[in-house]
Amino acid sequence: MRITQRAVTLTSLQGLNQNLDSLGKLQEQLTSGRMLNAPSDSPTGTNRAMQARAEQEATAQYARNISDGQAWLNQTDSTLQQMLDVTRRVRDLTVQGSNAGALSEVSREALGKEADSLRESLLGLANTTVTGRPLFGGITSGPKAYDSDTGAFVGLVVPGSEIYRRVSSTESVRVDVTGPEAFEVDGLDLFSVVDRIATDLRTDPAGLEQDLEDLDLVMNTMLSAVADIGARSARMDREALINLDQGMALGTRLAEVEDIDLPNTIMRLQMQQTAYEAALSATAKAITPTLLDHLR
Amino acid sequence: MSTFSGLNAATTALWANRRGLDVTGQNIANVNTDGYSRQRVDFAAVGGSTVPAFFSTSPGIGQGVSADDVMRIRDAFLEGRGHTEHANNAQLIAETDAYELIEQALREPGTTGIQKMLSEVWSGWQDVANNPADTAARGQVLKRMETLAGGLHFSHEQLGGQWTQTRENLSVLVDDVNAAAGNIATLNVAIQRARQNDLPANELADQRDVLVMKLADQIGATVRHGKDGLLDVSVGGMSLVSGGSATTFKLEGAIDADGTGTDPLRITTDVGDFSVRVGGTAGGQLNALNTIIPGYRGQLDTIAANLATEMNAAHGEGYDANGAAGKPLFGTSDGTPITAATIKVMISSTDEIAASLVPGAKNYDRGNADKIAQLATGAGVDAEYRTMIVELGVQSAVSQRNLDIQASITTTVDAARESVAGVNLDEELTNMLSYQQAYAAAGRMITAIDEALDVLINRTGLVGR
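Protein chains in written order, with the numbering used here: chain L, 1 to 296; chain P, 1 to 465.
I should point out that these hints are in silico values taken from the structure, not numbers from a laboratory. A couple of the hints might just be wrong.
[Unchecked claim] Derived lysine-lysine pairs resembling BS3-like cross-links, with alpha carbons at most 30 angstroms apart:
no., chain 1, residue 1, chain 2, residue 2
1, P, K143, P, K344
2, P, K344, P, K362
3, L, K144, P, K362
4, P, K371, L, K144
5, P, K371, P, K327
6, P, K250, P, K214
Bear in mind the structure is a predicted one, so any value in this text is a computation, not a measurement.
Make the full structure from the sequences, and use the hints.
Listed below in structure tokens is the structure:
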């Protein structure tokens with residue numbers, strides 16, 4: 001094949017351009033820190049990166065959901081504990097009232113008054129709110145779960161509308177316990193039983209025996225609600241850990257697909273640089289000489 | 001045999017070698033000129049009469065050298081191959097460019113693309129599910145849906161802008177092609193006249209070849225050589241230049257990207273409206289205008305429409321903050337079918353977000369918000385969008401690889417063309433030396449004959465003087 005100066009120049013130039021092109025690509029990867037800059041760089045990698053990104057976003061959201069749910073559960077737990085304390089005091093009063101048959105009228109009235117105020121405090125606790133919503137009110141849009149005077153449930157409970165928090169793409173954990181679930185059993189409810197105790201303390205000490213039985217039943221329900229909340233809280237904590245792991249795994253996965261392998265890229269850049277310099281010096285050597293150099 | 005015939009032969013040698021030096025000079029001068037074909041002087045020994053007759057006899061010795069013809073060295077087959085490969089190369093460049101622009105318009109994978117906006121919408125719905133009573137969460141999801149609609153508009157518009165720009169480029173290209181065709185016709189006439197008068201027209205032919213190569217790049221032209229140095233140019237079987245006359249082409253079809261379905265772009269002959277199957281840059285751009293860009297715009301439209309259908313259906317199953325059934329979330333301002341360009345968030349009040357699944361009076365159920373947030377998983381819009389991006393990536397990567405392959409083929413053919421037609425300085429210098437030597441030798445020859453004649457003329461017949 002006949003080789004001409006122009007052909008040598010053109011092929012040299014083309015080779016140099018190719019070298020510079022790969023050098024530029026490596027440099028771009030190093031400075032941006034990213035291997036994937038367009039879908040065509042790696043279509044499958046792009047798919048994985050997009051999936052990982054979407055999942056990362058979702059995982060961050062699940063983390064928010066979980067901490068929100070934990071706040072809700074903790075509030076429910078501490079409220080129920082306080083209510084149990086108050087209820088135990090009511091029980092003490094009831095026992096006191098039923099044992100001492102020789103209590104004076106005045107002492108009975110005092111016991112009745114205390115029971116009344118304890119009932120009020122119970123109702124106040126039962127209307128505790130989290131971010132403006134009553135804890136035990138179900139999905140009600142009103143401010144209260146129980147009427148402060150009558151003690152009647154005014155929340156809204158519809159089967160299938162319990163309050164959940166989504167903790168992963170497949171799992172949801174229930175975070176609420178409704179008033180009827182926590183304070184009612186077999187047609188008895190905490191507030192009417194305490195109301196009855198307050199009345200019986202004053203007028204009918206004999207009825208207190210039955211009241212005590214009923215109160216114990218209601219307290220058992222509350223205790224099992226507390227246990228339930230505790231179990232869910234533990235599950236929430238576990239989900240939080242899983243979520244954290246998931247978040248880290250996703251970060252690694254995304255980095256694997258999108259980010260450059262630093263040592264590898266630097267090595268390649270170094271090699272490419274050497275190749276480029278070699279090409280430059282080869283070109284300089286190949287282009288200069290002609291027969292002219294050797295003619296007088 | 002004449003006394004002076006030796007002198008005559010030497011004179012032709014002087015003249016021929018001067019001619020050789022001149023041509024070498026021209027070659028060296030044009031060593032870097034684009035499209036220049038090296039030239040060579042054809043030497044021929046001048047013999048005796050070809051038809052001996054009584055008064056026209058030869059002594060048996062030639063009468064010098066003739067150097068009339070200056071040949072232009074070029075391989076017509078390689079040129080033809082060059083045209084084809086250049087056209088393929090240009091077409092692939094145009095298509096690869098189109099894909100690259102689409103990739104830029106969609107900005108994936110990254111934190112500014114539609115994928116991110118979708119993710120944020122789903123997150124926003126979960127925030128609503130966490131606290132349906134919170135107007136801030138409701139307002140946030142509303143704004144995020146508006147951002148998503150805006151993102152769809154933007155990408156759609158970018159593709160539309162790319163389309164318009166490509167169409168403009170193509171229309172300029174067609175004008176350029178017509179002008180080049182006119183020039184080729186003019187050159188054809190000049191070359192024909194020169195040939196008929198037996199004058200060299202090598203430089204004109206070089207100019208014409210450059211124009212033809214440009215046409216091959218731009219529109220995929222092929223050539224046919226005629227007699228008297230004429231060159232006919234045709235595109236996809238349609239004649240563009242025939243001898244001294246050129247026809248013109250024009251660009252026809254839709255003037256905006258939405259019209260390509262019914263009125264695809266095409267290049268036709270100005271006279272007769274015959275459609276021309278073009279290659280080269282024009283072919284690539286036509287493909288981008290008729291298939292590639294409208295294809296991705298259409299896919300974006302489908303995604304927007306599916307997004308609206310899915311979310312409207314889910315939203316309709318819920319109840320808003322006032323207990324009313326959920327209204328459609330997405331629609332268009334004038335009720336036309338939803339596309340990526342027209343999609344719009346139809347609700348404006350945070351109360352109208354249907355987070356609840358419980359009918360009747362106002363309540364703070366979260367069921368529907370959670371259900372809408374769950375549209376993110378499974379074979380929803382997200383997956384559809386990802387599929388589209390992956391498909392774009394595959395097509396773009398394939399196009400780039402094809403271009404790489406084609407580029408190396410084109411380079412090989414160009415190198416082969418160059419190896420035939422290019423100027424090699426070493427060769428020229430060698431030629432220069434040999435012409436120089438031959439010239440000196442011819443000069444010496446004249447001196448020798450001159451001396452011989454001098455003896456004859458000035459020194460004979462002097463005996464006894």
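Structure-based check of each hint:
1. With a C-alpha separation of about 12 angstroms, the suggested pairing of K143 of chain P with K344 of chain P holds against the 30 angstroms cut-off.
2. Restraint check: the Cα-Cα separation between K344 of chain P and K362 of chain P comes to about 27 angstroms, which is no more than 30 angstroms; the hinted pair holds.
3. A hinted pair counts as satisfied when its Cα atoms are at most 30 angstroms apart, and K144 of chain L with K362 of chain P qualifies at roughly 14 angstroms.
4. A threshold of 30 angstroms between alpha carbons decides the hint, and for K371 of chain P with K144 of chain L the separation of about 27 angstroms falls inside it, so the pair holds.
5. For the suggested pair K371 of chain P and K327 of chain P, the alpha carbons sit about 16 angstroms apart, so the restraint of at most 30 angstroms is met.
6. In summary, the hint linking K250 of chain P to K214 of chain P is supported, as the alpha carbons are separated by about 18 angstroms, within the 30 angstroms threshold.
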